[in-house]
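Colleague: Letter by letter, the chains look like this.
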Amino acid sequence: MSDTLRRTPLYDLHTELGGKIVPFAGYAMPVQYPMGVMGEHTHTRSHAGLFDVSHMGQVILRGPDAALALERLVPVDVAGLAEGRQRYAMFTNDKGGILDDLMVANRGDHLFLVVNAACKAADIAHMRAHLPELEVREITDRALLALQGPGAEAALNALLPGVADMRFMDVATFDWQGHALWVSRSGYTGEDGYEISVPDAQATAFARALLAQPDVAPIGLGARDSLRLEAGLCLYGHDITEMTSPVMAGLQWAIQKARRAGGAREGGFPGAERILQELADGPLAIRVGLRPEGRAPMREGTVLWDAPEGGRNLGGVTSGGFGPSIGAPIAMGYIPTTSAQPGTRLWGEVRGKRLPVTVCDLPFRPSTYKR
Amino acid sequence: MKYTEEHEWLRIEGDSVVVGITEHAAEQLGDVVFVELPEIEAVVAKGDEVCVIESVKAASDILAPVDGEITEVNEALTDNPGLVNEDPQGDAWFFKMKLDDLSVLDDLMTEDEYKDFLG
Numbered sequence: 001m002s003d004t005l006r007r008t009p010l011y012d013l014h015t016e017l018g019g020k021i022v023p024f025a026g027y028a029m030p031v032q033y034p035m036g037v038m039g040e041h042t043h044t045r046s047h048a049g050l051f052d053v054s055h056m057g058q059v060i061l062r063g064p065d066a067a068l069a070l071e072r073l074v075p076v077d078v079a080g081l082a083e084g085r086q087r088y089a090m091f092t093n094d095k096g097g098i099l100d101d102l103m104v105a106n107r108g109d110h111l112f113l114v115v116n117a118a119c120k121a122a123d124i125a126h127m128r129a130h131l132p133e134l135e136v137r138e139i140t141d142r143a144l145l146a147l148q149g150p151g152a153e154a155a156l157n158a159l160l161p162g163v164a165d166m167r168f169m170d171v172a173t174f175d176w177q178g179h180a181l182w183v184s185r186s187g188y189t190g191e192d193g194y195e196i197s198v199p200d201a202q203a204t205a206f207a208r209a210l211l212a213q214p215d216v217a218p219i220g221l222g223a224r225d226s227l228r229l230e231a232g233l234c235l236y237g238h239d240i241t242e243m244t245s246p247v248m249a250g251l252q253w254a255i256q257k258a259r260r261a262g263g264a265r266e267g268g269f270p271g272a273e274r275i276l277q278e279l280a281d282g283p284l285a286i287r288v289g290l291r292p293e294g295r296a297p298m299r300e301g302t303v304l305w306d307a308p309e310g311g312r313n314l315g316g317v318t319s320g321g322f323g324p325s326i327g328a329p330i331a332m333g334y335i336p337t338t339s340a341q342p343g344t345r346l347w348g349e350v351r352g353k354r355l356p357v358t359v360c361d362l363p364f365r366p367s368t369y370k371r
Numbered sequence: 001m002k003y004t005e006e007h008e009w010l011r012i013e014g015d016s017v018v019v020g021i022t023e024h025a026a027e028q029l030g031d032v033v034f035v036e037l038p039e040i041e042a043v044v045a046k047g048d049e050v051c052v053i054e055s056v057k058a059a060s061d062i063l064a065p066v067d068g069e070i071t072e073v074n075e076a077l078t079d080n081p082g083l084v085n086e087d088p089q090g091d092a093w094f095f096k097m098k099l100d101d102l103s104v105l106d107d108l109m110t111e112d113e114y115k116d117f118l119g
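Going down the list, the protein sequences come from chains A and B.
Each residue of the first sequence is one higher than the last, beginning at 1 in full-length UniProt numbering.
Each residue of the second sequence is one higher than the last, beginning at 1 in full-length UniProt numbering.
Excised from the complex, chain B in its bound form (with noise of 0.2 Å):
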C-alpha cells in the first residue's frame, strides 16, 4: 500500500492501482452521504479533481493521486455512500486506474511514513 498527502491509499495490482481514502480522512470527513465517481476510461493527470466526496457537513474531493486512466469504478459507493465510512480502506475503494509508469509510486509515502505523517 503506498499513500499520498491528501490521505488517499493505493493498492498496487500489476499496471493498475486501485485508490481509496484512508481511515483518518474519512473519520474527519464525518458521514459521507454522496460520493461522485468519475467516468470510466478518463485520463487524469496527478491533481486532478475525479471523485466529489460529500458529507453531512461539506463537499471535498479527491485528486488523481497519479497520472493515468479511470479503468474502473466502486458503483457501491453510488448507492451507499456510507460504506466509506464502514470500510474505508476495504471495501469502499473509489477508482482503479491503469499506470503508464509505476516508478511515480515511489515518490510516494509507505504505511510507516504515513502513520509519521499523520504524528
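The following block holds chain A by itself, in its conformation from the complex (with noise of 0.2 Å):
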C-alpha cells in the first residue's frame, strides 16, 4: 500500500477486524471485511451496518446570510431550510453540469456541509472563489461514521439517547462521554440511519461502542455501492459528473421551488439557464434504471443499443453490478428521453455480445427512511 494514501482515525481498527484494505480518493479504506460484499449488504438490510465515511469533506460555512451566499452555487433553497434540517444539494457549473453533491445541514449559527472525498479540495477552492464574505472552514479534526439499517435506530439511541425521536434529515448535536457529536437522520443506502461526526481522538471508541451493540457490524466500500446501487443513489464522477444536469440526472426533486422559474429566488445559480429550461422542457436524455434480463452484470461504461444487431448507440451505463437484495444484475445509465419509457427493451453490450435489458423506474428497491 501507497505510503501517500491518507489514513482515517479507524484506519487501525479497520485492520484489526480483518478488513480489505484498498486506495479509494487517496484514502486507504476498507472494501470489506471477513463477512463479505454480500453479507455486509444484506446484514445492512436486515440489521445495522457500520461505515467509516471519514474520507468525506466536513465543512463550516460562516458569515451574515451564509444560506443566500451558498444559493449562488446550488440550484437549491437553502435560505428556506429550517435550523435543524438538513437537504441534498448539488455544485453546478455555468453550463448546468454538476461538480460535486453535498449535504447542508442548517445549524443555527452555521451551515455544515459534507462533500465528496475526491472534490472537497476542488469544493473549497470553488466556495472560497466564490462566497470571499464566508468563512469557509474544512474539518480536519473529526471523523464522519454512517449507520444504517433497520437496527440502526436502537443501536445509536442506546449510545445517544434521544436520537430515535429525530426524522429524516434531521440534524443535532448530541454528547457522548463529553464529547459533542454532530448527527444527522440520513445516509446514502436507501435505510434508515445516521451519520455521525465524531472528534478523531473519539471516534475508534466510539465505533466501538457501536459495534458492541448486538446488530452492529463494521460494512466496507463494496456493500456500500451496491447498497447505494439499489436505492438509486447516485455516485459522483459516474452517474453525476460535469456533463451531468441535475434534471437529466433526476435530481429535480432537490431543486424547490424558491429557486424554479416564477419562484422566490429564481435561478441566481450557475447554469440556471439550462437547468430551468430542462425543467420546462424535459432534458434530451435522463438518468434510468435498467435490469438485465439474463445474469450477466452490466457494469460501467456498458454501451446501450436500441437493437440487437444494427441500430443506434443509446448511450451507456454509468453505474451497474449486482444487486445482492435484488438478486440479480441492475444498472443505472443514461439515453435519450424518447427512449426512457419503463418497460423499454434495449441491448447491452458486454464482452461482444448484445444482451437485452428493460428499462426500469428507480429505485431498485424502495427507501425505508423515516419521514
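No lab work stands behind these hints, which were simulated from the structure alone.
Owing to the predicted nature of the structure, the values given are computational and were not obtained by experimental measurement.
It cannot be assumed that every hint is accurate.
Simulated crosslink set (DSS-like; lysine-lysine; CA at most 30 Å straight-line) [claimed, not checked]:
(1) Lys46/B with Lys115/B
(2) Lys115/B with Lys96/B
(3) Lys46/B with Lys353/A
(4) Lys20/A with Lys96/B
(5) Lys98/B with Lys353/A
(6) Lys98/B with Lys115/B
(7) Lys96/B with Lys46/B
(8) Lys46/B with Lys98/B
(9) Lys353/A with Lys96/B
(10) Lys257/A with Lys370/A
(11) Lys95/A with Lys257/A
Two chains, two frames, a set of hints: combine them into the complex.
Modeller: Laid out in C-alpha cells, this is it:
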C-alpha cells in the first residue's frame, strides 16, 4: 500500500477487524471485511451496518446570510432550510453540469456541509473563490461514521438517547462522554440510519461502542456501493459529472420551488438558464434504471443499443453490478428521453455480445427512511 | 492435482483434465454472481480467455491452462454461481478439456509448489 495514502482515524480498527484495505479517493479504506460484500450488504438491510466515511469532506460555512450566499452556487433552497434540518444539494457549473453533490445542514449559527472525498479540495476552493464574504472552514479533526439499517435506531439510541426521536434529515448535537457528536438522520443506502461526526480522538472508542451493540457489523466500500445502487442513489464521477445536469440525473426533486421559474429566488445559480429550461421542457437524455434480463452484470461503460444488431448507440451504463437484495444484476445509465419509458427493451454490449436489458423505474428497492 | 500461477487447479482424468479455481482465488474474488462457460467442442490454446467469472466487485477471466478441446462444462455454475465460493475445489469445477499431450502438465505446479507460490 502506498505511503502517500491518507488514513482515517479508524484505520487501525479496520485492519484489526480484518478489513481488506484498498486505495479510494486518496485514502486507504476497507473495501470489505471477512463477512464479504454480499454478507455485509444483506446484514445492513436486515440489521445495522457501520461505515467509516471519514474520507468525506466536512465543511463549516459561517457569515452573514451564509444560506443566501450558498444559493449562488447551488440550485437549492438553502435560505428556507429550517434550523436543525439537512438538505441534498449539488454545486453546478455555468453549463448546468454537476461539480459535486453534497449535504447541507442548518446548524443555527452556521451551515455544515458534507462533500465527496475526491472533490473536497476543489469544492473548498470553489466556495472560497465565490463566497469571499464567508468563512469556509474545513473540519480536519473529526471522523464521520454512518450507521445504516433497521437496527440503526436502537443501536445508536443506546449510546445517544434521543436520536430515536429524530426524523429523516434532522440534524442535532448529542453528548457522548463529554464530547459533542453531530448527528444527522440520513445516509447512502436507502435504509433508515444516521451519519455521525465524531472528534478524531473519540472515533475509535465510539465505533467500538457501536460495534458492541448486538446488531451492528462493520461494512466496507464494496457493500456501500451495492447498497446505494439498489437505492438508486448517484455516485459522483460516475452517475453525475460535469457533463450531466441535475434534471438529466433525475434530481429535480432537490430543486425547490423557490429556485424555479416564478419562485421567490428564481435562478441565480451557475447554469440556471439550462437547468430552468430543462425543468420546463424536459432534458434530452435522462438517468434510468436498467434490469439486465440474464445474469450477466452490466458494469459501468457498457454501451446500450436500441436493437440486437445494427441500430443506434443510445448511451451507456454509469453504474452497474449485482444487487444482492434484488438477487439479480442491476444498473443505471443515461439514454435519450424518447427511449426512456419503463419497460423499453434495449441491448447492452457485454464482451462483444448484445444482451437484452429493460428500462425500469428507480430505485430498485424502496427506501425505508423515517419521515 | 496440478496448479497454475493464475490460481487454477487441474485434476487429471485419463487423457483429460477437469479445471477449476483454487480456494485462494475464490476468496480473492469474493461472492461470485455470474459465470459464463465456454462452448463444448471449442478448441482453445493456452492463455485463451475461456470463462468469465464475475463477483459482486468485478469481472475476471479464466484462461485455458493448456492447449486442448473443451469436452464438458459445469452447467450447475450457471444457475448457482455461488457454488464457486462454497466448494471451489470440488463441485464448482468449470470445464473439462481433452489434451493432445499430457506432458505439458509437467510444467505446472504441484500442490506443495502452489502453496510455496502463495507464500
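Colleague: Quick one: which hint numbers does this structure break? Sort them smallest to largest.
Modeller: 4
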